[in-house]
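2 protein chains.
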Amino acid sequence: MWFDDTLRGPANNTALPLLPGDEASSMAWAPEEAKLRWGIMGCANIARKNARSMLLCPSAELVAVASRQLKKAQTWAAQFCPEGVRTYGSYDELLQDPEVDAVYMPLPTKFHVEWVPKAARAKKHVLVEKPVALSLQEMDEMIAACEENGVFLMDGVMFMHHQRLRKITADIWGPGAAFGQNLFGVPTLITSGFSFKADDTFLEGGNIRTQADSDPLGALGDLGWYCIRFGLACHQYRWPQKAKSVRMIYNAQGVPIDSVAHIMWDSGDEDRPYVLQFQCSFMHPFRQWMEVCGSTKILKVEDFVISRPDNATYTTEMTGFLDYDIRPTTHTEHTETPRWPQEVRMFDTFAREVAALGDAGGKPSFWSYVTAATQACCDAVVTSSKNGGEAVDVPTLSRFSAST
Amino acid sequence: MWFDDTLRGPANNTALPLLPGDEASSMAWAPEEAKLRWGIMGCANIARKNARSMLLCPSAELVAVASRQLKKAQTWAAQFCPEGVRTYGSYDELLQDPEVDAVYMPLPTKFHVEWVPKAARAKKHVLVEKPVALSLQEMDEMIAACEENGVFLMDGVMFMHHQRLRKITADIWGPGAAFGQNLFGVPTLITSGFSFKADDTFLEGGNIRTQADSDPLGALGDLGWYCIRFGLACHQYRWPQKAKSVRMIYNAQGVPIDSVAHIMWDSGDEDRPYVLQFQCSFMHPFRQWMEVCGSTKILKVEDFVISRPDNATYTTEMTGFLDYDIRPTTHTEHTETPRWPQEVRMFDTFAREVAALGDAGGKPSFWSYVTAATQACCDAVVTSSKNGGEAVDVPTLSRFSAST
Numbered sequence: 001m002w003f004d005d006t007l008r009g010p011a012n013n014t015a016l017p018l019l020p021g022d023e024a025s026s027m028a029w030a031p032e033e034a035k036l037r038w039g040i041m042g043c044a045n046i047a048r049k050n051a052r053s054m055l056l057c058p059s060a061e062l063v064a065v066a067s068r069q070l071k072k073a074q075t076w077a078a079q080f081c082p083e084g085v086r087t088y089g090s091y092d093e094l095l096q097d098p099e100v101d102a103v104y105m106p107l108p109t110k111f112h113v114e115w116v117p118k119a120a121r122a123k124k125h126v127l128v129e130k131p132v133a134l135s136l137q138e139m140d141e142m143i144a145a146c147e148e149n150g151v152f153l154m155d156g157v158m159f160m161h162h163q164r165l166r167k168i169t170a171d172i173w174g175p176g177a178a179f180g181q182n183l184f185g186v187p188t189l190i191t192s193g194f195s196f197k198a199d200d201t202f203l204e205g206g207n208i209r210t211q212a213d214s215d216p217l218g219a220l221g222d223l224g225w226y227c228i229r230f231g232l233a234c235h236q237y238r239w240p241q242k243a244k245s246v247r248m249i250y251n252a253q254g255v256p257i258d259s260v261a262h263i264m265w266d267s268g269d270e271d272r273p274y275v276l277q278f279q280c281s282f283m284h285p286f287r288q289w290m291e292v293c294g295s296t297k298i299l300k301v302e303d304f305v306i307s308r309p310d311n312a313t314y315t316t317e318m319t320g321f322l323d324y325d326i327r328p329t330t331h332t333e334h335t336e337t338p339r340w341p342q343e344v345r346m347f348d349t350f351a352r353e354v355a356a357l358g359d360a361g362g363k364p365s366f367w368s369y370v371t372a373a374t375q376a377c378c379d380a381v382v383t384s385s386k387n388g389g390e391a392v393d394v395p396t397l398s399r400f401s402a403s404t
Numbered sequence: 405m406w407f408d409d410t411l412r413g414p415a416n417n418t419a420l421p422l423l424p425g426d427e428a429s430s431m432a433w434a435p436e437e438a439k440l441r442w443g444i445m446g447c448a449n450i451a452r453k454n455a456r457s458m459l460l461c462p463s464a465e466l467v468a469v470a471s472r473q474l475k476k477a478q479t480w481a482a483q484f485c486p487e488g489v490r491t492y493g494s495y496d497e498l499l500q501d502p503e504v505d506a507v508y509m510p511l512p513t514k515f516h517v518e519w520v521p522k523a524a525r526a527k528k529h530v531l532v533e534k535p536v537a538l539s540l541q542e543m544d545e546m547i548a549a550c551e552e553n554g555v556f557l558m559d560g561v562m563f564m565h566h567q568r569l570r571k572i573t574a575d576i577w578g579p580g581a582a583f584g585q586n587l588f589g590v591p592t593l594i595t596s597g598f599s600f601k602a603d604d605t606f607l608e609g610g611n612i613r614t615q616a617d618s619d620p621l622g623a624l625g626d627l628g629w630y631c632i633r634f635g636l637a638c639h640q641y642r643w644p645q646k647a648k649s650v651r652m653i654y655n656a657q658g659v660p661i662d663s664v665a666h667i668m669w670d671s672g673d674e675d676r677p678y679v680l681q682f683q684c685s686f687m688h689p690f691r692q693w694m695e696v697c698g699s700t701k702i703l704k705v706e707d708f709v710i711s712r713p714d715n716a717t718y719t720t721e722m723t724g725f726l727d728y729d730i731r732p733t734t735h736t737e738h739t740e741t742p743r744w745p746q747e748v749r750m751f752d753t754f755a756r757e758v759a760a761l762g763d764a765g766g767k768p769s770f771w772s773y774v775t776a777a778t779q780a781c782c783d784a785v786v787t788s789s790k791n792g793g794e795a796v797d798v799p800t801l802s803r804f805s806a807s808t
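These protein sequence lines map, in sequence, to chains E and Y.
For the first sequence, our numbering gives the first residue as 1, with consecutive numbering after it.
For the second sequence, our numbering gives the first residue as 405, with consecutive numbering after it.
Quick caveat, the hints were computed from the structure, so don't treat them as lab data.
Hints may contain errors.
As the list claims (entries may be wrong) - Here are the simulated lysine-lysine pairs, BS3-like style, with alpha carbons at most 25 Å apart:
hint: 1; chain 1: Y; residue 1: Lys522; chain 2: Y; residue 2: Lys439
hint: 2; chain 1: Y; residue 1: Lys646; chain 2: E; residue 2: Lys386
hint: 3; chain 1: E; residue 1: Lys242; chain 2: Y; residue 2: Lys790
hint: 4; chain 1: Y; residue 1: Lys439; chain 2: Y; residue 2: Lys475
hint: 5; chain 1: E; residue 1: Lys71; chain 2: E; residue 2: Lys167
hint: 6; chain 1: E; residue 1: Lys118; chain 2: E; residue 2: Lys72
hint: 7; chain 1: Y; residue 1: Lys439; chain 2: E; residue 2: Lys386
hint: 8; chain 1: Y; residue 1: Lys475; chain 2: Y; residue 2: Lys522
hint: 9; chain 1: E; residue 1: Lys300; chain 2: Y; residue 2: Lys439
hint: 10; chain 1: Y; residue 1: Lys522; chain 2: Y; residue 2: Lys571
hint: 11; chain 1: E; residue 1: Lys71; chain 2: E; residue 2: Lys35
hint: 12; chain 1: Y; residue 1: Lys646; chain 2: Y; residue 2: Lys522
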């Protein structure tokens with residue numbers, strides 16, 4: 001199943017569209033009439049960063065905050081929100097606010113299957129934190145609810161909105177790629193490490209990320225989600241074929257705190273699929289790198305998830321022998337100096353997609369598709385782990401099978 | 405089984421000794437009386453580089469070259485050797501030359517089990533190319549033959565002799581390491597990629613590295629050997645406990661041309677061993693990196709096998725959150741500017757070890773030990789691959805069990 005132009009959004013073989021802040025772009029931010037009024041559901045830590053994003057993004061306006069305790073919402077709003085933001089002591093009240101267009105939902109994953117459909121039925125567009133669902137089935141329910149109610153759904157993977165990703169995918173799938181003649185070549189092997197080091201309390205359920213009744217996908221959902229998504233981007237968002245859990249370390253609650261896995265794409269040769277191998281973990285010091293092996297070149301990103309705020313770089317390299325030694329024959333450092341952080345651009349993308357919804361004609365969106373593909377890989381890794389690590393099929397969704 | 409002072413050579417918890425060319429060393433090269441007269445057995449490509457090493461190393465003298473065809477030895481000697489080098493049309497003739505002290509053996513692996521013992525019986529010290537043997541059993545036969553005949557045996561892993569490795573292991577196992585209080589912490593996870601891209605002819609037996617009757621360990625023996633050795637160095641050369649083949653791609657002759665594997669060391673927690681995960685391959689562009697995750701820091705080497713001839717670097721990094729962003733809190737680039745290439749230093753190490761042989765009292769040497777440990781890991785990865793990828797015990801050698 002390829003991502004292609006049967007989906008609404010950036011088409012197959014095409015990089016993401018230029019966005020404001022791109023050096024090569026003369027585009028303005030989304031127009032004033034596209035500005036969305038946002039409500040935040042849940043005062044999670046990550047919401048601080050996205051409250052700032054809403055303040056910085058011309059096409060976003062933060063108007064309301066809800067927590068299960070009104071006092072908490074008030075305290076949080078006083079600290080992180082502009083004056084005049086409305087505060088609610090329940091998520092339902094926020095959803096009943098007619099002057100909220102969209103909600104940002106950083107709730108623990110377990111609650112998404114309840115609150116995303118509720119938000120959709122209240123006609124709110126939804127930006128939902130990752131991991132999005134406990135299973136692909138749940139994910140499908142959320143997509144269905146949003147489609148039925150004509151609202152837009154996107155997950156909170158910020159790097160999707162960094163112009164660097166657009167340049168990287170253009171480097172990989174540049175001119176000639178369709179003829180197998182591009183310089184980089186097919187990304188036959190992608191390797192990634194993404195981890196941070198948590199203490200024993202965190203590891204054993206002291207944080208929602210390690211609680212079986214909050215985020216049972218643990219490190220796989222919290223960190224592996226990004227590795228998988230980046231792998232999807234390198235493969236033009238083609239739906240993967242197989243997945244294999246190489247190693248999974250569970251805490252006492254049965255939540256993965258370390259996962260080594262392979263995601264595989266059909267290469268035409270069953271024995272030699274294209275592979276993403278990643279290791280994600282709460283048990284090692286912070287690192288967030290990605291290496292893509294093409295046919296001729298190596299592409300490396302050292303900060304693929306949370307890009308450095310000043311210069312976001314990546315390198316491409318070819319190496320050859322020179323006399324008795326090895327030297328790079330080409331080594332290029334590509335630098336993106338973003339005018340806006342990726343998370344601010346995320347809100348502009350969101351506003352544009354909402355503005356375009358009227359023309360969508362019921363097509364499933366690119367953003368639902370990539371979120372579902374990511375979820376499907378997580379599901380498959382868990383299934384593989386439960387089956388002794390054997391490679392298993394990545395499940396598909398019939399709503400996206402039209403594009404197979 | 406730990407490498408410790410029951411072995412002759414650098415002791416447990418101790419980095420390799422300072423060598424000439426070390427910035428911190430005032431040592432001279434091995435003394436004139438230690439100078440060895442070398443013969444080369446086989447005119448392989450890699451022998452060109454080591455012929456140069458012998459010319460550059462004050463404690464080495466290249467005096468003879470043998471090939472199975474005299475003409476080839478003569479042509480090769482004319483091109484790569486100093487004038488007056490003796491040439492032989494058979495390996496036996498070289499071994500009968502009484503004015504040869506040591507032989508360098510870049511023969512295909514299959515022939516080592518025949519020629520290493522023959523060289524030992526001719527009282528020649530042996531520097532043998534990697535992979536050393538087709539199995540640990542063969543390796544043991546070679547060690548036995550060398551010990552019985554009082555000659556020194558070492559494999560040709562050049563990076564063992566670079567001062568950078570000494571500094572890296574000192575960084576990892578620095579002051580306080582014995583108390584678990586060093587800054588770097590235990591290397592809980594090591595990740596490595598080492599590959600070069602061969603064409604289809606090479607992959608399907610057009611090179612000795614991919615021929616079942618020459619080098620049946622293929623990419624695992626040719627490239628994985630280095631990944632394993634570096635992992636051993638990071639673990640103070642402790643004998644690993646288990647190995648697991650994650651993926652192995654074989655060519656039509658059944659030779660591995662791509663291998664993803666885990667090598668595991670006992671951590672005291674059976675479910676969470678220390679892991680080296682490596683991918684080695686003839687199928688991807690040239691790359692040779694190693695990443696070591698300690699408890700607090702990440703150490704990275706981008707050219708761990710064939711170090712850049714000018715500046716050999718590595719980095720150590722700690723990363724933290726700063727407001728909403730990620731920034732390195734420490735990032736140190738360590739630079740080694742070697743006065744001599746690592747392969748030249750290899751010949752000086754060899755000369756010193758030979759000079760020290762008289763005092764050895766029959767102790768097995770550090771170099772036999774690390775070579776055997778590397779071989780044992782290769783054997784275990786192959787065994788695991790044949791057993792569907794399940795983790796298997798790394799075999800041990802009784803001659804080194806004394807140090808368990």
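Right, here's what the structure says about each hint:
no.: 1; hint: Lys522(Y) - Lys439(Y); result: holds, 23 Å
no.: 2; hint: Lys646(Y) - Lys386(E); result: holds, 22 Å
no.: 3; hint: Lys242(E) - Lys790(Y); result: holds, 21 Å
no.: 4; hint: Lys439(Y) - Lys475(Y); result: violated, 29 Å
no.: 5; hint: Lys71(E) - Lys167(E); result: violated, 45 Å
no.: 6; hint: Lys118(E) - Lys72(E); result: holds, 22 Å
no.: 7; hint: Lys439(Y) - Lys386(E); result: violated, 60 Å
no.: 8; hint: Lys475(Y) - Lys522(Y); result: holds, 23 Å
no.: 9; hint: Lys300(E) - Lys439(Y); result: violated, 45 Å
no.: 10; hint: Lys522(Y) - Lys571(Y); result: violated, 37 Å
no.: 11; hint: Lys71(E) - Lys35(E); result: violated, 29 Å
no.: 12; hint: Lys646(Y) - Lys522(Y); result: violated, 33 Å
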